[in-house]
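Chains as they are written, first to last, in UniProt numbering: chain A, 1 to 373; chain B, 1 to 373; chain C, 1 to 373; chain D, 1 to 373.
Hint data in this document are derived by calculation from the structure and do not stem from the laboratory. Be careful, since some hints might not be right.
Identical chains blur together in the list; that is why a pair holds if it fits in one copy or across any two.
[What the hints assert, rightly or not] Simulated crosslink set (PhoX-like; lysine-lysine; CA at most 25 Å straight-line): (1) K81 x K277; (2) K68 x K315; (3) K315 x K265; (4) K315 x K277; (5) K312 x K265; (6) K265 x K202; (7) K202 x K312; (8) K27 x K68; (9) K312 x K177; (10) K68 x K177; (11) K27 x K81; (12) K319 x K265; (13) K277 x K265; (14) K177 x K319; (15) K277 x K319; (16) K265 x K27; (17) K173 x K277.
None of these values were measured; they are calculated from a predicted model.
There are 4 protein chains.
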Amino acid sequence: MKEVIVISGSIYGNLFRISTWGESHGKGIGVVVDGCPSGLQLNEEMIQAYLNRRRPGQNKYATERQEKDLVEILSGVFEGKTTGTPISMVVMNTNQRSVDYSDIANYYRPGHADYTFDEKYGFRDYRGGGRSSGRETTARVAAGAIAKSILSQLGIEVCAYTKSIGDITIDYKNCNKENILTSPVAMPDLTASLLATELLEKRMEESDSTGGVIECIVTGMPAGIGEPVFEKLDANLGKAILSIGAIKGIEFGSGFNAALSSGSKNNDNFQINEDGKVIKLSNHAGGILGGISDGSEIIFRAAVKPTSSIAKAQKTITKTGENIEVSIHGRHDPIIVPRAVVVVESMTAITLVDMLFMNMTAQMDHIKKIYKK
Amino acid sequence: MKEVIVISGSIYGNLFRISTWGESHGKGIGVVVDGCPSGLQLNEEMIQAYLNRRRPGQNKYATERQEKDLVEILSGVFEGKTTGTPISMVVMNTNQRSVDYSDIANYYRPGHADYTFDEKYGFRDYRGGGRSSGRETTARVAAGAIAKSILSQLGIEVCAYTKSIGDITIDYKNCNKENILTSPVAMPDLTASLLATELLEKRMEESDSTGGVIECIVTGMPAGIGEPVFEKLDANLGKAILSIGAIKGIEFGSGFNAALSSGSKNNDNFQINEDGKVIKLSNHAGGILGGISDGSEIIFRAAVKPTSSIAKAQKTITKTGENIEVSIHGRHDPIIVPRAVVVVESMTAITLVDMLFMNMTAQMDHIKKIYKK
Amino acid sequence: MKEVIVISGSIYGNLFRISTWGESHGKGIGVVVDGCPSGLQLNEEMIQAYLNRRRPGQNKYATERQEKDLVEILSGVFEGKTTGTPISMVVMNTNQRSVDYSDIANYYRPGHADYTFDEKYGFRDYRGGGRSSGRETTARVAAGAIAKSILSQLGIEVCAYTKSIGDITIDYKNCNKENILTSPVAMPDLTASLLATELLEKRMEESDSTGGVIECIVTGMPAGIGEPVFEKLDANLGKAILSIGAIKGIEFGSGFNAALSSGSKNNDNFQINEDGKVIKLSNHAGGILGGISDGSEIIFRAAVKPTSSIAKAQKTITKTGENIEVSIHGRHDPIIVPRAVVVVESMTAITLVDMLFMNMTAQMDHIKKIYKK
Amino acid sequence: MKEVIVISGSIYGNLFRISTWGESHGKGIGVVVDGCPSGLQLNEEMIQAYLNRRRPGQNKYATERQEKDLVEILSGVFEGKTTGTPISMVVMNTNQRSVDYSDIANYYRPGHADYTFDEKYGFRDYRGGGRSSGRETTARVAAGAIAKSILSQLGIEVCAYTKSIGDITIDYKNCNKENILTSPVAMPDLTASLLATELLEKRMEESDSTGGVIECIVTGMPAGIGEPVFEKLDANLGKAILSIGAIKGIEFGSGFNAALSSGSKNNDNFQINEDGKVIKLSNHAGGILGGISDGSEIIFRAAVKPTSSIAKAQKTITKTGENIEVSIHGRHDPIIVPRAVVVVESMTAITLVDMLFMNMTAQMDHIKKIYKK
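Turn these sequences into a full structure, and let the hints steer you where they fit.
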């Protein structure tokens with residue numbers, strides 16, 4: 001180990017800020033939310049509903065580890081409502097079965113952060129990835145539940161689902177939560193969902209894994225959120241989503257297809273409809289023009305790589321520099337996508353709330369109001 | 001106009017920070033760079049070389065506006081070397097020909113930020129996009145030249161080029177700057193470059209435009225840069241690149257193709273080569289594992305939408321709510337990609353320098369050294 | 001109550017950051033420390049020792065509330081050493097005796113934040129001050145214990161003590177911790193300490209309170225910490241100390257006396273001593289020149305106002321706008337100073353660690369080292 | 001010189017941010033203001049009026065250096081009004097007479113940052129202090145002029161003046177700008193002002209200098225600005241003022257005298273006056289309770305040390321480690337206070353604007369309004 005290291009960068013946001021903590025194999029995982037407005041209805045059940053969506057052990061496509069992930073709110077809520085003060089939430093770890101990790105400790109798993117952790121810090125917490133463990137996202141989801149609740153007050157809904165698993169892709173326009181929750185892989189087209197589970201069975205038999213794409217749709221978003229230079233709405237959403245492990249790309253609206261298109265096809269034409277409302281005749285922009293929301297649906301997709309831990313033999317090296325072949329056994333999902341769906345929703349919601357708050361600076365008349373009261 | 005507005009968010013970075021200012025039709029454009037180390041060789045010629053790469057009027061695929069874009073350094077440099085103090089640079093505007101913008105002032109150009117500006121601020125600077133003008137990137141490129149110079153000292157090179165224009169895509173592995181600069185469209189495969197210019201001619205005849213993809217390759221990047229939670233290297237690069245206008249997506253390594261792949265194919269296997277060095281047998285990860293650089297090439301691609309301003313007729317609405325059809329005439333590139341290449345390089349370089357600086361917090365032994373001296 | 005409020009601003013620091021949470025009458029109080037280096041010895045006993053210094057109920061000059069204030073570490077420590085990841089600490093509340101606060105709820109206590117809270121938020125948590133309660137500093141002290149431990153590794157000691165209570169002032173040059181802890185009022189001159197307790201007895205009899213001054217001395221501080229423009233060492237310490245409730249002023253070195261002095265007397269002359277070391281013949285500057293530490297002792301004093309809650313009759317107003325007279329009974333210290341001493345030490349230590357980390361950006365050669373390894 | 005250094009920390013503020021640049025002996029000095037609302041009347045004359053107040057060469061108590069300090073606005077203003085975009089301002093240097101600084105280069109001036117710069121950076125810009133030169137404050141005053149203009153729109157006035165020079169202290173309650181500007185030492189009691197100039201004459205004859213105190217009064221400040229934990233109003237003002245060179249202390253309201261007082265005397269009692277308005281019967285708190293403005297005048301005092309550069313002989317050391325005696329000749333004010341008055345006003349105004357903007361996050365109903373429009 002290097003003499004001393006710092007694994008920092010666990011605080012996210014500007015005016016609505018979250019500070020996450022905890023390790024996969026420590027006492028628990030938690031988050032402090034600074035900047036949440038008062039008067040929001042909030043209780044443990046509401047948070048729990050979101051946590052359950054990313055909880056392991058829900059079905060055979062998710063790791064078998066049986067972790068209840070029960071959240072406790074320690075501050076910031078009084079008589080079922082937020083008070084405007086920091087909200088501290090904790091999920092204590094209950095299932096830390098003592099596995100023999102000595103194997104993993106000695107070599108670098110392909111596709112994992114093992115090698116980069118060792119290069120950066122001179123050591124790593126081989127017992128489950130430490131801060132780069134997927135378990136860290138528990139804290140993000142707990143904070144995301146609060147952010148979604150704020151957005152909901154404003155009529156804004158964030159909805160993500162599995163757009164594709166391997167080459168099975170769905171074309172889904174209607175964010176029907178029910179079907180998303182019914183599907184074991186969060187794929188609301190239930191026929192495709194069935195095909196997808198068959199694909200996963202096949203991959204599991206092959207001791208292999210698969211990737212996929214998550215689509216996220218934000219409805220009810222007002223026009224005008226985002227700043228035109230560095231603090232573009234898409235730039236900040238991009239950072240938020242790419243900060244989730246295993247995500248390798250993000251595209252807004254037509255995304256990479258826009259690169260193949262022409263201006264005349266890709267531009268969304270404006271129109272006044274019969275009700276006198278401004279509409280766009282298409283939404284290739286994904287709801288963002290010049291970094292600012294345009295009032296239509298915000299749509300983006302995130303590419304998720306296949307689970308790195310596979311039982312199939314792979315070449316790698318030991319810490320001491322030998323070439324070896326490894327098969328990684330243990331509790332591993334054949335796909336990351338379904339459990340990452342709620343994490344994408346959470347990071348999206350947290351970022352939108354933060355940007356809504358930042359946007360208020362554009363409103364000097366508001367200051368005047370404060371003064372005159 | 002709303003009573004009062006603020007167009008903020010013009011400062012970027014944490015420890016290496018840039019503060020950009022200026023409008024397309026004001027006195028000039030500029031940037032202050034805070035946090036640049038001393039001792040770097042720096043003069044106006046070095047900055048100018050980068051500015052020239054994004055300058056308009058270089059050939060017929062770039063707008064005809066003849067702007068020399070001459071940079072002046074106002075502080076932070078003494079006898080050809082940086083002093084460690086803030087570096088202020090300015091490019092005075094010289095070509096503000098008084099065009100009749102009254103047309104544009106009255107309607108919303110499809111694909112532009114006209115509508116979102118009006119919704120957000122209640123007004124817009126129709127004379128050229130104001131702060132959301134491509135001209136703002138002049139300041140980023142000037143700062144990027146400094147960042148690239150710092151990286152160069154560390155043996156790190158950032159190289160971007162046109163990967164595709166419309167459906168003409170090249171497979172380029174060798175970042176040969178010469179060919180990139182030779183091609184009028186920054187496409188280093190000169191045969192493909194010729195085809196691409198033919199496509200552009202065609203689109204121009206059709207009064208239309210096209211999109212494309214920029215690929216960026218970072219060589220010489222040490223392993224260990226990036227933090228494992230929110231401050232992942234790919235998350236920060238994602239924000240940097242998506243903060244450039246017209247960019248609709250970014251993917252690292254295999255990116256969206258990883259979603260179609262299996263773990264056994266997508267994982268990059270490690271190997272000790274004959275020289276005893278750690279290598280990866282592939283680079284699907286694009287040089288980043290768990291948000292931390294792994295020492296191999298960092299590779300990402302950015303999708304650029306077609307130029308929004310086209311002469312072809314489009315439907316849109318006036319500010320007063322009438323449906324009309326417009327043809328946008330004036331000085332407009334048929335493609336954004338070639339001039340955006342150096343902007344991508346710049347934002348990448350600025351972000352890498354900032355993250356290299358942030359990384360230093362991981363090194364407590366360094367503090368001890370300071371103390372003991 | 002206003003419809004919705006946010007009580008934000010509970011995160012402090014740049015690279016070494018603390019995020020505090022909790023209310024006086026909620027489940028508990030806590031803090032997350034982001035950016036603490038690994039390898040530090042840390043256990044609950046070490047933190048507890050600091051918490052005990054600000055704990056209520058220690059003697060008759062501190063409120064009688066019997067709160068054990070037992071800290072629990074939830075993350076970031078493994079086998080007695082920090083791991084470099086966020087450290088989450090919690091102190092559960094145990095003594096929330098249900099007092100009748102209905103009185104206080106109806107009027108504004110002079111000297112308290114009651115009125116400003118009501119004006120800002122339209123409501124207040126009258127059960128003990130909410131986030132502006134002195135109890136919030138528990139979290140700062142827990143974080144301060146960690147910061148002091150880091151500084152200790154670097155040979156830097158932060159020592160604060162009671163310089164004066166009312167008009168009893170001591171001239172103390174030797175930061176002998178033992179005497180500070182022996183004195184019930186943290187005044188290391190034990191003769192003066194006795195006089196001070198007599199003064200406190202008198203004030204208690206009069207149903208009144210008194211103020212005082214805390215002096216803080218930092219020894220072992222290397223020269224060179226602090227930035228010359230906005231991020232001056234004294235500027236940041238000033239913010240840190242003034243963020244503690246009841247502190248009304250801060251002065252460095254000769255402070256306000258420097259205003260009465262002449263340049264020839266106030267300038268600290270430099271000298272090479274017999275050992276060839278640079279010394280200053282005086283320390284009117286308090287160890288900081290131009291915002292940067294000069295290697296000598298850092299000395300500052302903070303003025304603490306008298307406890308606002310007194311039993312003596314005072315004029316005030318009710319929420320409904322009537323002029324009344326009130327006597328505030330309950331558990332209140334006749335002086336704030338002694339318990340604030342460890343809070344001053346904590347905020348100083350946290351700020352020094354943060355600035356030591358920021359300082360590292362001055363060291364580009366370090367980056368080169370990273371690269372070359 | 002150390003291999004590479006960074007002199008960073010030249011950006012101040014959160015939502016209203018200023019980025020200063022320039023050296024005493026470079027091409028010029030400037031500032032970029034990010035986050036200024038649109039619609040403010042602004043022209044060079046308005047800025048110039050403030051700059052003239054700190055300009056050297058106004059009378060014999062200010063350095064003789066004849067610098068016109070003419071400001072030019074480069075962006076963010078259109079037809080005499082701000083546009084909401086970043087405002088770039090520059091003051092070109094005109095009087096860089098080539099003085100022989102070789103002397104100063106070889107030794108450390110007592111009271112200056114010479115020694116700490118050398119210790120921190122391994123070198124210093126001996127030609128006038130570089131970034132720690134008083135000349136850097138030119139940029140702060142230019143930005144402060146804008147901040148004061150914003151405050152003025154809200155009915156908030158910031159007024160600073162010389163409270164004392166040496167032992168000549170005035171008791172001034174009425175911030176009459178006219179008298180402040182009439183006095184050559186910014187001391188509005190003109191009798192005392194005369195005595196003060198006599199004291200300065202005496203000190204000049206003795207080749208010595210003197211210190212003093214600046215008092216700053218903010219009128220029209222609404223209640224409710226400031227956050228109750230780390231972002232207290234007094235904490236942020238403290239940092240702002242202590243970031244000005246030569247300032248050694250700050251106290252709010254009764255300040256250090258509060259430490260000598262009792263609760264019954266120091267508490268400001270509330271009263272409803274005849275007009276039904278809430279008043280305080282005293283203002284020992286200086287207008288801030290619990291870190292939040294209470295609607296009364298904000299009052300603080302800053303201690304300014306005597307000018308360090310004096311012709312009187314002082315002991316010091318050379319860079320090569322010899323003990324010498326020096327007399328510092330050249331253009332030096334016998335007192336810093338009068339020219340620092342407008343700098344105090346500027347930093348106060350900038351901080352108040354920033355905190356007013358931050359305060360807006362407390363107003364969630366505002367978001368709803370945005371959404372519903």
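List, from low to high, the hint numbers that the structure doesn't satisfy.
1, 2, 9, 14, 16
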